[in-house]
Amino acid sequence: MTEKIDQVDSSAIHRVAARIFGPESGSKPTLVCMGHEDVGDFHEVFSKYGLAAGK
Amino acid sequence: MRRACSPLFRHVHNSVRHAAQRSYSIESTEPTVKITTLPNNIRVATEATLGHFSSVGLYVDGGSRYEWSAISGVSHFLDRMAFKVCFLYDELHVILICMYQSTRTRTNEEMSTAVHSLGGQIMCSSSRESIVYQSSHFHQATPLALSLISDTVLDPSFHPEEIEAQRDAAFYEVREIQSKPDMILPEILHYVAYGEKGLGNSLLCPEDRINQIDKFALRKGMKEWYRPERMVIAGAGMQHEELVELADRYFSSLKSTGTTPFASSRTITNPSIPTHLLNTPAPSVAKSLARAASYLFPKAISSPAIPKSPTSTYTGGHRFVHDPQAEFNHLYVAYEGVGIHDDDIYAIAVMQVLLGGGGSFSAGTSRQHTISYGSHTLIGGPGKGMYSRLYTHILNYYSQIDHCASFHHIYTDSSLFGLFASFVPAASGLKNGNTPGQILPHLVHQLSLLLYTTISPAELDRAKNQLKSSLMMALESRTVAVEDLGRQVD
Numbered sequence: 009m010t011e012k013i014d015q016v017d018s019s020a021i022h023r024v025a026a027r028i029f030g031p032e033s034g035s036k037p038t039l040v041c042m043g044h045e046d047v048g049d050f051h052e053v054f055s056k057y058g059l060a061a062g063k
Numbered sequence: 081m082r083r084a085c086s087p088l089f090r091h092v093h094n095s096v097r098h099a100a101q102r103s104y105s106i107e108s109t110e111p112t113v114k115i116t117t118l119p120n121n122i123r124v125a126t127e128a129t130l131g132h133f134s135s136v137g138l139y140v141d142g143g144s145r146y147e148w149s150a151i152s153g154v155s156h157f158l159d160r161m162a163f164k165v166c167f168l169y170d171e172l173h174v175i176l177i178c179m180y181q182s183t184r185t186r187t188n189e190e191m192s193t194a195v196h197s198l199g200g201q202i203m204c205s206s207s208r209e210s211i212v213y214q215s216s217h218f219h220q221a222t223p224l225a226l227s228l229i230s231d232t233v234l235d236p237s238f239h240p241e242e243i244e245a246q247r248d249a250a251f252y253e254v255r256e257i258q259s260k261p262d263m264i265l266p267e268i269l270h271y272v273a274y275g276e277k278g279l280g281n282s283l284l285c286p287e288d289r290i291n292q293i294d295k296f297a298l299r300k301g302m303k304e305w306y307r308p309e310r311m312v313i314a315g316a317g318m319q320h321e322e323l324v325e326l327a328d329r330y331f332s333s334l335k336s337t338g339t340t341p342f343a344s345s346r347t348i349t350n351p352s353i354p355t356h357l358l359n360t361p362a363p364s365v366a367k368s369l370a371r372a373a374s375y376l377f378p379k380a381i382s383s384p385a386i387p388k389s390p391t392s393t394y395t396g397g398h399r400f401v402h403d404p405q406a407e408f409n410h411l412y413v414a415y416e417g418v419g420i421h422d423d424d425i426y427a428i429a430v431m432q433v434l435l436g437g438g439g440s441f442s443a444g445t446s447r448q449h450t451i452s453y454g455s456h457t458l459i460g461g462p463g464k465g466m467y468s469r470l471y472t473h474i475l476n477y478y479s480q481i482d483h484c485a486s487f488h489h490i491y492t493d494s495s496l497f498g499l500f501a502s503f504v505p506a507a508s509g510l511k512n513g514n515t516p517g518q519i520l521p522h523l524v525h526q527l528s529l530l531l532y533t534t535i536s537p538a539e540l541d542r543a544k545n546q547l548k549s550s551l552m553m554a555l556e557s558r559t560v561a562v563e564d565l566g567r568q569v570d
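For the protein sequence lines, the chains are A and B, in the order given.
Okay, so the first sequence: first residue is 9 according to the working numbering, each after it adds one.
Okay, so the second sequence: first residue is 81 according to the working numbering, each after it adds one.
Each hint should be verified, as a subset may be incorrect.
Unchecked claim - Below 20 Å or equal to it, Euclidean Cα-Cα: the simulated EDC-like pairs (lysine to aspartate or glutamate) are:
no.: 1; chain 1: A; residue 1: Lys-36; chain 2: B; residue 2: Glu-276
no.: 2; chain 1: B; residue 1: Lys-260; chain 2: A; residue 2: Asp-14
no.: 3; chain 1: B; residue 1: Lys-548; chain 2: A; residue 2: Asp-14
no.: 4; chain 1: A; residue 1: Lys-12; chain 2: B; residue 2: Asp-422
no.: 5; chain 1: A; residue 1: Lys-12; chain 2: B; residue 2: Asp-248
no.: 6; chain 1: B; residue 1: Lys-335; chain 2: A; residue 2: Asp-17
no.: 7; chain 1: A; residue 1: Lys-12; chain 2: B; residue 2: Asp-423
no.: 8; chain 1: B; residue 1: Lys-295; chain 2: B; residue 2: Glu-241
no.: 9; chain 1: A; residue 1: Lys-12; chain 2: B; residue 2: Glu-276
no.: 10; chain 1: B; residue 1: Lys-548; chain 2: A; residue 2: Asp-46
no.: 11; chain 1: A; residue 1: Lys-36; chain 2: B; residue 2: Asp-424
These are computed hints drawn from the structure, not numbers from a lab.
The following block holds chain B by itself, in its conformation from the complex:
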């Protein structure tokens, strides 16, 4: 019973009593964010939160957007090779082979042992605008986690056999994804919308580039992106000073290449909005929202395709991919939205929730895919928007439409907002037809309603509440909260 009188318990106990006396006045529980800039310009941010676990991550302004011809496909390889198991396959099976990336200080086996002894989860993922190395673990493993991240980022060995194994895996992965319209179409959409560079670059290594990726290409990409000015280290569940010290220990060898180094420390109460989460509810969306800023390119660099500051190359356009064997026809319609820092992003996010949508047969789950994770995330249960417009106006009316949903991919300086439908091509005699030309008006009509009709307060409130609630729920994950913090610091 003595243990029950820990300060925390007393605090809770008192709060309850006080709350009863003061008719539910709630004390501020706003977490405090502290940010320190190391001498080499890496920013270290922590959020003070209680709990049994710690999360720490390194956020780099890199990714497919910043690739040019010589390093095209590099972020895909860096993502898949970090820490983890490469998989190989034969014709029937995917055979998992435990192969950990070796570094100059750790062999494959040592890396494997270290990752296992971490007792948590460590991963890397790349998106169009960022590369993230992140770990969740018990408190005491934070130094090991940072040491593993530092090793992987600063000292990978890139043995030929590791690269060869990853090439096999990449061929397999690229073919798999190309056979799945719901995964490849967003890539094609970006390509048509933004052209052959910047945001138009695929998250996947182009097939003809896979055999070109070698350690020189990988190091070239890393040299460009893995600079302290482009890095943020963020954590939750540890003292700010502890993380600053660890970051300094493991990353001070990295020298600043940019503007004059400075050291500073600041504290933010009321941390700003987790804007990257606006793209609810898929985690894939969250990933696509890294922030990059114009300071990223302080000096002219030897990579002609990279702009000094990211500027959208949106052109729009039209592409038809003929596939006479396809089970469904797919139609995507998109417009360029606004960048993450534009306040109109909130209205677009509300529009996206208002349109909502999903699958016609989905009673409880809607499949969200994330190419960067290479996996599917199931988002199930109530609360996914059965009363959103694309359900009530489209899916409930036209049985030929199998899937219809809105999307919003948000970037630093641009976003892609739109909707898509997948529908059965062969069936006949269905209401209003089932050719792409007959389905398009249904989609266009939904956008038109947003322009020309008044939205009822009840419907608007439902969309806004749904947006807020999915943001709140996402932030309950410590991993998401840390990722959010890491991406927001600039």
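Looking at chain A on its own, in the form it has when it is part of the complex:
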């Protein structure tokens, strides 16, 4: 187990981040907002920061 953690390097983080929320991943985010007001057009924010927006 510790060996597998040791093997995680910066490029592995990039690769896995791209796999689960990168713009090419085709992933869809889940957003839950609770309180006084809603979050607005979140798709645009995700796209602007280069994340999968699910749209």
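Following the hints, complete the assembly by docking chain B onto the known chain A.
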């Protein structure tokens, strides 16, 4: 002084001397895991560890994930009714009433006496993918512990008054949890992410189902889940043969309903990784990581909502819960990660530690909640990640944000990875605003940094070391080690 010359003492003594001579060569202390499959297919696993206490547990592939409409809420009831005290309440107080679950062989009183004479701790808890019955006690109480577990699992009486008491308790509990955003929001998040089934099912019995839960519903759920193919018995602090014999004595009445029974025995040195612990550091996380495998459903069964093998139903989505009275706004952002058997789980676990986070006013403690335990666990003191990114990049900059942390819920075939923030809605004039629309970019930016920037070796090492150290610390608990063993065997 004679007693000091016990074999153990001599061993330690010799080791020290040898270590000095051989410049600290350390002998292997890797515990050995033995697994035996009983004729009815229940797997029995033990880990050889020394100590004054024993732990034993029964691990069942059941839980809210495997509920369908007819048995929705059953795992919540099974969890709360096993062994323990049901609590009732009036308007002001929670009154504890000692009511032990009766079984066909033990009345409430006999159950109560037996649990007390155990001299340890016995509990049941359910999560999305597993139901766990576990006991920690002195060595000699292992047969009693297994007998109590067997009684509760195979022969509960489910008297109407016991179920009625549990319904009252459930109404109270559900309302309590619904009033606590930090406890109910993860449930809503799962619902939005996975839909109205599977992992989207709540750990809590839906309010409109509480009065529908009766002994028929409970037995239906048990019939489905409490099959030998779905059970593992694990223990530490006893001989493997002893536990195999006890398991056979107390559970042989359970007949295999699946594939051809076989008996086998194997020994594993170097036990594999306690992957379910990756979700550091909350025990709640550990609970959410049971393993279920495709063999769970060897034959088509009469429950249409249960897939033959668990497959993720992740859809993602968005939900706004309007609460104009709330003290804080809450914003959760999540993506689907990978299942427990995917090697990329390690990178996600490192990302989670790297982001870290916690409360803005927390000097020493961060509150971790576990709905399944129905209690709070305080994780305090140094080492909780004050230098993680969500502290250094967010909490230290934006005073309107009260709480900001990453999370990672891991399951057999899916995981939910993300981060959340709770912030003050009313304050004005704060840096970068305090509406959900203004806070969202801060969170999204943190994910973006993981994608597009290089992480410094020092920062990455700190996250990896922190992850390893919390795993090591968790495994020092015998209870955690046994639970880990029980969940890993398949």
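Results of checking the hints against the structure:
no., hint, result
1, A:Lys-36 <-> B:Glu-276, "holds (17 Å)"
2, B:Lys-260 <-> A:Asp-14, "violated (38 Å)"
3, B:Lys-548 <-> A:Asp-14, "holds (9 Å)"
4, A:Lys-12 <-> B:Asp-422, "holds (12 Å)"
5, A:Lys-12 <-> B:Asp-248, "violated (47 Å)"
6, B:Lys-335 <-> A:Asp-17, "violated (48 Å)"
7, A:Lys-12 <-> B:Asp-423, "holds (8 Å)"
8, B:Lys-295 <-> B:Glu-241, "holds (11 Å)"
9, A:Lys-12 <-> B:Glu-276, "violated (35 Å)"
10, B:Lys-548 <-> A:Asp-46, "violated (38 Å)"
11, A:Lys-36 <-> B:Asp-424, "holds (19 Å)"
The structure does not agree with the numbered hints 2, 5, 6, 9 and 10 stated previously, though it agrees with the rest.
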